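Participant: Here's the letter readout for the chains.
Number of protein chains: 2
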Amino acid sequence: MRGTRALGCALGEEVRITVMGVLPEIRPGDDLAAMLADIAEDAGVAPGDVVAIAHKPVSKAEGRIVHLADVVPGADARALAHETGKSPQLCQVILGESRRILRRRRSLLVCETHHGFVCANAGVDASNTAEGTVVLLPVDPDASARQLQHALSGVAGGRVGLVITDTHGRAFRRGLVNIAVGVAGFEAVLDHRGGRDRDGRLLVATDQALGDEVAAAAGMLMGKASGRPAVLVRGLSTSPAPGTVHALVRDPDQDVFRAPVGADGVVR
Amino acid sequence: MRGTRALGCALGEEVRITVMGVLPEIRPGDDLAAMLADIAEDAGVAPGDVVAIAHKPVSKAEGRIVHLADVVPGADARALAHETGKSPQLCQVILGESRRILRRRRSLLVCETHHGFVCANAGVDASNTAEGTVVLLPVDPDASARQLQHALSGVAGGRVGLVITDTHGRAFRRGLVNIAVGVAGFEAVLDHRGGRDRDGRLLVATDQALGDEVAAAAGMLMGKASGRPAVLVRGLSTSPAPGTVHALVRDPDQDVFRAPVGADGVVR
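As they're listed, the protein sequences go chains A and B. Residues 1 to 268 in the numbering used here are what the first sequence spells out, letter by letter. Residues 269 to 536 in the numbering used here are what the second sequence spells out, letter by letter.
One chain only, chain A, in its complex shape (with noise of 0.2 Å):
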């Protein structure tokens, strides 16, 4: 999972982040990897490039998309809907979506979700959606990348990465960052430690979370405004890799922070 490559990696002078063309709204069933593979055409995609897209179109192809009045809410739903003020479908829906809700305040929802991303709600996503409706992640986000990935990479003639992207709010830091939920065809996660650059300087960082920094660095471009779900990144060196976005996932019994602990702050 982790790439031990040292020369090359993401050490480039210029890196391009441009905005790709328009794609229409995503209806389930829509063959989005062609989709995504003509404008990527249009906006010249080459090997090497990565492209970032935002997961709400894939979930949207992908049928991930929820009627609530269609949903039964059962009792744990109830009462977590009164808990929280939402609506019980809505609770119902988030509760299917994780393994664990974490923390709980007023209406705010931080979910383990099964994939074992933690984010509000279980990546259970109300905006910009029609009316009465929720869109959910990719039940596999990972395979979602592979199928765009080698769309991409047939257009491009070589290989291009993908990363599908969510907006996520964080711990201990105020508002919200693209991450990474999905990754194909590059290493997700670098380890430098001991290389050096083809200037023959120390590479000195360890456990480079690249995926998410190309999430975040395609969230300066992409998904403030409806339309423009993906956006192309051009000049990163990466580690040729079949790529999973679980080389960015924390282990919850590796993470200080879910663990059993003490008021001296000491993990048990």
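Hints are computed from structural coordinates only; laboratory data are not their basis. This one's a predicted model, so the numbers in the text were calculated from it and none came from an experiment. Possibly wrong hints are sitting among the right ones.
Quick look at which bits of chain B chain A covers, simulated, 3 or more residues with Cβ under 8 Å [as the list claims (entries may be wrong)]: (1) 281-291; (2) 435-446.
Mimicking DMTMM-like on lysine to aspartate or glutamate, the simulated pairs with C-alpha atoms at most 20 Å apart in a straight line are [said to hold, decoys possible]: (3) 86/A to 532/B; (4) 354/B to 344/B; (5) 86/A to 131/A; (6) 354/B to 264/A; (7) 354/B to 399/B; (8) 354/B to 338/B.
Every residue gets a Cβ at the ideal spot worked out from N, C-alpha and C, and that includes glycine.
On the provided structure of chain A, position chain B as indicated by the hints.
Facilitator: Leaving out everything else, chain B in the frame of chain A:
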């Protein structure tokens, strides 16, 4: 602290991130602002650009270097050294930089710094420094950023944004990303709600952590090798403001991961 302008906020079509020239090894008392302005001028810095620089040269110029042999550890530091396997001197320095230690496990110390940052070892850095020394974060990174921003805006002939970065781990995620520890010249967090972009598309992002996005984007190119700690970011529309990293720092009492919590995840 929060931008409310909608049009033109971070909505360019292309962002370029370019490595600036090499800085020499920085010594306490060096005029880093003048040195940075020189390499930024060579790189063609222009009004509207944002420059990101790693904290280490900033800290070194400000004399935030500690010779561990000069440190006299107290009883707390000696006890912490025993528990973590770190040296008592290093523990003393870390304790001095910390408001409190949030989590401990073996050698891992997750600290809340006096600035309010949550990071390993309170930002005390032993890598890429002279033998027997450690480098601390600037005392007031926003003030450091303002000073550099003033010099850069001078050579650019107009407002340049400035981000001082550090490389941090995250709760829940593996791998390190660059985040902002000091900001000057632009709003570090933007609120796009309800606005429209220049093509009339509805803006959907709320509380975009632009300062951290810039830091993460810069991290794709910066800091992996010594001597290249500064990058130029061009094409980003920012909201003019004095700017402060504190827009990006969550108050401890607003943070559900630092509040007392029950077994059911409900924050007390």
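Participant: Against each hint, give a clear statement of whether it holds in the structure.
Facilitator: Hints, one by one, checked against the model:
Counting residues of the segment 281-291 of chain B whose C-beta sits closer than 8 Å to any C-beta of chain A gives 7, which meets the bar of three, so the coverage hint holds. Counting residues of the segment 435-446 of chain B whose beta-carbon sits less than 8 Å from any beta-carbon of chain A gives 10, enough to reach three: the coverage restraint holds. At most 20 Å may separate the alpha-carbon atoms for a hinted pair to count; residue 86/A and residue 532/B meet this at roughly 18 Å. At roughly 13 Å between alpha-carbon atoms, residue 354/B and residue 344/B fall within 20 Å of each other, so this suggested pair holds.
Between residue 86/A and residue 131/A, the direct Cα distance comes to roughly 16 Å. Compliance with the 20 Å bound is thereby established for this hinted pair. For the proposed pair residue 354/B and residue 264/A, the alpha carbon gap of about 18 Å is at most 20 Å, so the pair holds. For the proposed pair residue 354/B and residue 399/B, the alpha carbon gap of about 16 Å is at most 20 Å, so the pair holds. In summary, the hint linking residue 354/B to residue 338/B is supported, as the alpha carbons are separated by about 16 Å, within the 20 Å threshold.
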